[in-house]
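Next come the chains, spelled out residue by residue.
Protein chains: 2
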Amino acid sequence: MSKSPLVLPKGFRFAGVAAGIKASGKPDVSLIVSDQRAVAVGVYTTNQVVAAPVVLSRTRTPSSTVRAVITNSGNANACTGEQGMSDAKAMCEQVAERIGCDESDVLVMSTGVIGQALPMAKVSAGIDQASAKLAAGETAFLAAADAITTTDKGRKMETREITLDGETIRIAAMAKGAGMIAPNMATMLSVICTDATIDPDEAQGMLTRTANVSFNRVSVDGHTSTNDTLLLLANGNGTPLSGESICLFERELTELAIHLAKQLVIDGEGASRVMQLHVFGAEDDDAAEKIAKTVAASPLVKTAIAGCDPNWGRIVSAAGYAGEAIDPEKMSLKIAGEAIYRNGTPLPFDAAAIGDRMKSNREVEIELGVGEGNGKVTYWSSDLTTDYVQFNTKYTT
Amino acid sequence: MSKSPLVLPKGFRFAGVAAGIKASGKPDVSLIVSDQRAVAVGVYTTNQVVAAPVVLSRTRTPSSTVRAVITNSGNANACTGEQGMSDAKAMCEQVAERIGCDESDVLVMSTGVIGQALPMAKVSAGIDQASAKLAAGETAFLAAADAITTTDKGRKMETREITLDGETIRIAAMAKGAGMIAPNMATMLSVICTDATIDPDEAQGMLTRTANVSFNRVSVDGHTSTNDTLLLLANGNGTPLSGESICLFERELTELAIHLAKQLVIDGEGASRVMQLHVFGAEDDDAAEKIAKTVAASPLVKTAIAGCDPNWGRIVSAAGYAGEAIDPEKMSLKIAGEAIYRNGTPLPFDAAAIGDRMKSNREVEIELGVGEGNGKVTYWSSDLTTDYVQFNTKYTT
Numbered sequence: 001m002s003k004s005p006l007v008l009p010k011g012f013r014f015a016g017v018a019a020g021i022k023a024s025g026k027p028d029v030s031l032i033v034s035d036q037r038a039v040a041v042g043v044y045t046t047n048q049v050v051a052a053p054v055v056l057s058r059t060r061t062p063s064s065t066v067r068a069v070i071t072n073s074g075n076a077n078a079c080t081g082e083q084g085m086s087d088a089k090a091m092c093e094q095v096a097e098r099i100g101c102d103e104s105d106v107l108v109m110s111t112g113v114i115g116q117a118l119p120m121a122k123v124s125a126g127i128d129q130a131s132a133k134l135a136a137g138e139t140a141f142l143a144a145a146d147a148i149t150t151t152d153k154g155r156k157m158e159t160r161e162i163t164l165d166g167e168t169i170r171i172a173a174m175a176k177g178a179g180m181i182a183p184n185m186a187t188m189l190s191v192i193c194t195d196a197t198i199d200p201d202e203a204q205g206m207l208t209r210t211a212n213v214s215f216n217r218v219s220v221d222g223h224t225s226t227n228d229t230l231l232l233l234a235n236g237n238g239t240p241l242s243g244e245s246i247c248l249f250e251r252e253l254t255e256l257a258i259h260l261a262k263q264l265v266i267d268g269e270g271a272s273r274v275m276q277l278h279v280f281g282a283e284d285d286d287a288a289e290k291i292a293k294t295v296a297a298s299p300l301v302k303t304a305i306a307g308c309d310p311n312w313g314r315i316v317s318a319a320g321y322a323g324e325a326i327d328p329e330k331m332s333l334k335i336a337g338e339a340i341y342r343n344g345t346p347l348p349f350d351a352a353a354i355g356d357r358m359k360s361n362r363e364v365e366i367e368l369g370v371g372e373g374n375g376k377v378t379y380w381s382s383d384l385t386t387d388y389v390q391f392n393t394k395y396t397t
Numbered sequence: 001m002s003k004s005p006l007v008l009p010k011g012f013r014f015a016g017v018a019a020g021i022k023a024s025g026k027p028d029v030s031l032i033v034s035d036q037r038a039v040a041v042g043v044y045t046t047n048q049v050v051a052a053p054v055v056l057s058r059t060r061t062p063s064s065t066v067r068a069v070i071t072n073s074g075n076a077n078a079c080t081g082e083q084g085m086s087d088a089k090a091m092c093e094q095v096a097e098r099i100g101c102d103e104s105d106v107l108v109m110s111t112g113v114i115g116q117a118l119p120m121a122k123v124s125a126g127i128d129q130a131s132a133k134l135a136a137g138e139t140a141f142l143a144a145a146d147a148i149t150t151t152d153k154g155r156k157m158e159t160r161e162i163t164l165d166g167e168t169i170r171i172a173a174m175a176k177g178a179g180m181i182a183p184n185m186a187t188m189l190s191v192i193c194t195d196a197t198i199d200p201d202e203a204q205g206m207l208t209r210t211a212n213v214s215f216n217r218v219s220v221d222g223h224t225s226t227n228d229t230l231l232l233l234a235n236g237n238g239t240p241l242s243g244e245s246i247c248l249f250e251r252e253l254t255e256l257a258i259h260l261a262k263q264l265v266i267d268g269e270g271a272s273r274v275m276q277l278h279v280f281g282a283e284d285d286d287a288a289e290k291i292a293k294t295v296a297a298s299p300l301v302k303t304a305i306a307g308c309d310p311n312w313g314r315i316v317s318a319a320g321y322a323g324e325a326i327d328p329e330k331m332s333l334k335i336a337g338e339a340i341y342r343n344g345t346p347l348p349f350d351a352a353a354i355g356d357r358m359k360s361n362r363e364v365e366i367e368l369g370v371g372e373g374n375g376k377v378t379y380w381s382s383d384l385t386t387d388y389v390q391f392n393t394k395y396t397t
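Chains A and H supply the protein sequences, listed in that same order. Using UniProt numbering, read the first sequence as starting at 1 and increasing by one per residue. Using UniProt numbering, read the second sequence as starting at 1 and increasing by one per residue.
Since the hints were derived computationally from the structure, they do not count as laboratory data. Because the structure is a prediction, the values reported are computed rather than measured. Some hints here could point you the wrong way.
Identical copies carry no separate label here, and so any pair may be met within one copy or between two of them.
As the list claims (entries may be wrong) - Capping the alpha-carbon separation at 20 Å, the derived lysine to aspartate or glutamate pairs in EDC-like fashion look like this:
1. 394 to 350
2. 394 to 356
3. 330 to 82
4. 330 to 367
5. 359 to 338
6. 376 to 283
7. 290 to 367
8. 330 to 283
9. 290 to 327
10. 330 to 285
11. 10 to 167
All chains should be built: construct the whole structure from the sequences, respecting the hints.
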């Protein structure tokens with residue numbers, strides 16, 4: 001093995017198995033178990049149409065006693081009425097029985113097609129199989145990470161090790177994309193496990209702040225899913241982190257989440273390029289975010305990025321209809337480092353040279369000034385390609 | 001000729017010529033002249049980044065003395081700074097000189113690529129040529145309608161004749177699409193000419209109401225242009241319409257505008273199908289409109305329509321993130337007349353049969369209930385195809 005093994009947090013076991021929920025036969029049941037009761041906090045979809053597993057899990061966080069997260073892919077258990085709620089609960093009950101804990105200490109996530117009842121016989125067999133396979137270590141972790149994916153081209157994960165107060169702490173996270181990705185939330189599903197000791201209230205605040213500058217600032221297609229769930233499990237049983245240590249931990253968590261969120265965009269359905277969009281000079285950060293979201297969602301901007309065309313009129317005009325105050329006379333724009341527009345007036349530029357620079361890099365940097373305010377944001381979005389359209393014309397999500 | 005000639009309003013002359021602004025050599029300068037001073041009112045883009053011709057024209061309406069509308073296609077004269085303002089003014093001055101009127105009685109519209117200075121030598125030669133060619137009648141009207149188009153597959157026009165108070169009144173309208181189409185406005189450019197006599201205040205109110213239920217309810221790509229302009233010119237010099245007559249006229253105008261707006265969608269860039277989306281049960285009409293706009297803009301919904309896939313989870317979930325209150329337990333959905341979802345629960349349906357019904361009709365009917373309120377709206381949107389993406393990846397707008 002040329003790669004060094006992953007550093008995984010202590011006291012967690014993982015499993016991922018194929019239970020036949022997906023027609024493809026790929027892994028579709030994922031189980032994460034903490035040997036000790038863990039602090040668990042969540043951030044969930046803002047969609048008003050909410051899948052049963054989200055309805056259930058969000059009543060169970062924040063918590064200090066969570067033992068497991070059970071996830072199925074291939075079926076979202078969304079828009080499934082009362083049957084959906086009872087199926088989500090049954091999944092938790094079965095896990096609780098297998099690992100020996102209270103049913104309410106199990107969280108549940110689902111992702112896949114909307115509006116079909118879960119094939120519970122398959123799900124149940126999968127839970128049994130996963131419970132039997134639970135293990136610490138890299139192979140099990142990777143299997144669990146694979147089993148939460150759907151249309152993703154590859155697994156998404158990120159691990160860290162840091163030393164705080166002389167103690168080594170580990171963080172390991174997994175996530176899945178790859179369509180219905182939009183703020184807020186933009187994560188679809190993600191679980192972050194750590195063996196740090198964190199107070200539940202601290203953990204909730206930290207996860208919300210982290211989501212706001214990571215998963216809530218990426219977009220693939222602007223469509224907020226019914227199932228989005230971001231969970232943080234912390235199973236340490238020492239003295240809770242505080243002071244400078246908690247700040248350092250949060251910084252690490254935020255960096256990890258941004259890396260993971262960017263993976264969602266890079267692997268977005270049909271994506272060929274990522275735009276990293278900096279909006280500045282807005283009235284405040286919220287205004288900057290709304291402008292960035294509007295620019296990032298414009299099909300005309302997204303196709304221009306796909307074509308490596310510095311078609312700046314589309315970017316500037318998108319900012320103008322975001323519904324936030326801008327100052328057209330003070331607007332400025334750089335694409336791939338090149339100044340193109342300043343104080344509301346075009347500058348001479350070499351379109352072919354900028355196009356070549358865009359082509360040479362998978363990440364296209366866009367810096368858009370909209371006025372003289374202090375509001376700013378960084379935002380990531382995929383481009384829009386014929387692959388995205390072809391894929392979603394055929395695929396029933 | 002098998003087609004009957006168009007019925008055009010009296011006292012208007014038209015011209016359309018090719019001035020070389022478009023590299024393709026297609027017609028790109030369009031002139032409409034009213035022999036008498038006309039009442040003129042406008043509805044303009046809500047984008048904060050506003051093209052010079054919009055800035056100029058909107059200071060000149062409402063008016064009772066407008067004589068001409070000069071339009072160029074192939075260049076939007078947007079984001080062009082002070083040069084752009086002086087070029088827009090120069091266009092009006094030249095027309096005024098040619099037809100003999102005050103410069104401020106000329107309105108101007110531009111459409112095409114953003115951020116490049118107008119090639120004024122060509123524009124000026126085109127205005128001279130168009131002035132010399134001005135004529136009443138069908139040939140001239142069609143030439144003028146052709147010369148305002150850009151990426152449109154064909155010209156968009158609509159004419160009507162009605163009798164009010166024993167007098168025959170004619171209305172003739174032209175419009176251009178086909179991308180950067182979104183509320184508000186969604187028209188890009190449209191001029192409606194009539195020989196009716198209408199009070200300017202009545203005309204302005206009527207045009208605003210008309211825009212709200214027609215051009216402001218269609219979407220191709222959700223990107224609001226910098227140049228959108230809808231003008232109504234009424235050059236009658238009798239007694240202004242009033243009472244029942246004005247109501248009948250407004251009804252006719254509204255129907256005409258809805259027909260024209262639907263043409264924009266049918267001919268939207270890359271469009272293969274149109275969805276006609278009825279949203280009902282919202283808190284009020286504004287809420288219904290925002291929900292419809294969100295559903296219509298979702299790339300996942302638009303690709304499902306392109307694929308004739310009754311992928312209803314995408315529709316229901318899009319309604320859930322529109323930011324307006326909905327009642328998930330009371331939601332209902334019909335696609336192509338078939339009930340698919342009721343009271344938040346899926347109904348059994350034959351997906352293949354509905355898919356076939358979608359395929360057999362260019363217009364797909366979607367009826368979405370979001371609660372028990374009285375708010376409702378009808379909205380039209382094109383689908384999202386690989387043709388749209390290919391086209392806009394290559395085309396610099």
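Right, here's what the structure says about each hint:
1. In this homomeric assembly, residue 394 and residue 350 come within 20 Å of each other (Cα to Cα) only across copies, at 17 Å, whereas the closest approach inside a single copy is 39 Å.
2. For the homomeric pair residue 394 and residue 356, the shortest alpha-carbon distance between copies (15 Å) is at most 20 Å, but the shortest distance inside one copy (33 Å) is not.
3. Proximity of residue 330 and residue 82 under a CA criterion of 20 Å is satisfied inter-copy only: 14 Å between copies versus 54 Å inside one chain copy.
4. Only within a single protomer do residue 330 and residue 367 lie at most 20 Å apart by alpha-carbon distance; the minimum there is 14 Å, versus 44 Å between protomers.
5. Taking identical chains as interchangeable, the C-alpha atoms of residue 359 and residue 338 lie at most 20 Å apart only when both belong to the same chain, with a minimum of 14 Å there against 46 Å between chains.
6. For the identical chains of this complex, residue 376 and residue 283 are intra-copy neighbours only, at 9 Å inside a copy versus 34 Å across copies, given an alpha-carbon limit of 20 Å.
7. Taking the closest pair of Cα atoms, residue 290 and residue 367 come within 20 Å of each other only inside a single copy of the chain (15 Å); across copies the shortest separation is 30 Å, beyond that limit.
8. In this assembly of identical chains, residue 330 and residue 283 lie within 20 Å of each other by CA distance solely inside one copy; the values are 13 Å within and 39 Å between copies.
9. Taking the closest pair of Cα atoms, residue 290 and residue 327 come within 20 Å of each other only inside a single copy of the chain (15 Å); across copies the shortest separation is 26 Å, beyond that limit.
10. For the homomeric pair residue 330 and residue 285, the shortest alpha-carbon distance inside one copy (18 Å) is at most 20 Å, but the shortest distance between copies (36 Å) is not.
11. Proximity of residue 10 and residue 167 under a CA criterion of 20 Å is satisfied intra-copy only: 13 Å inside one chain copy versus 88 Å between copies.
Hint violations for this structure: none, all hints satisfied.
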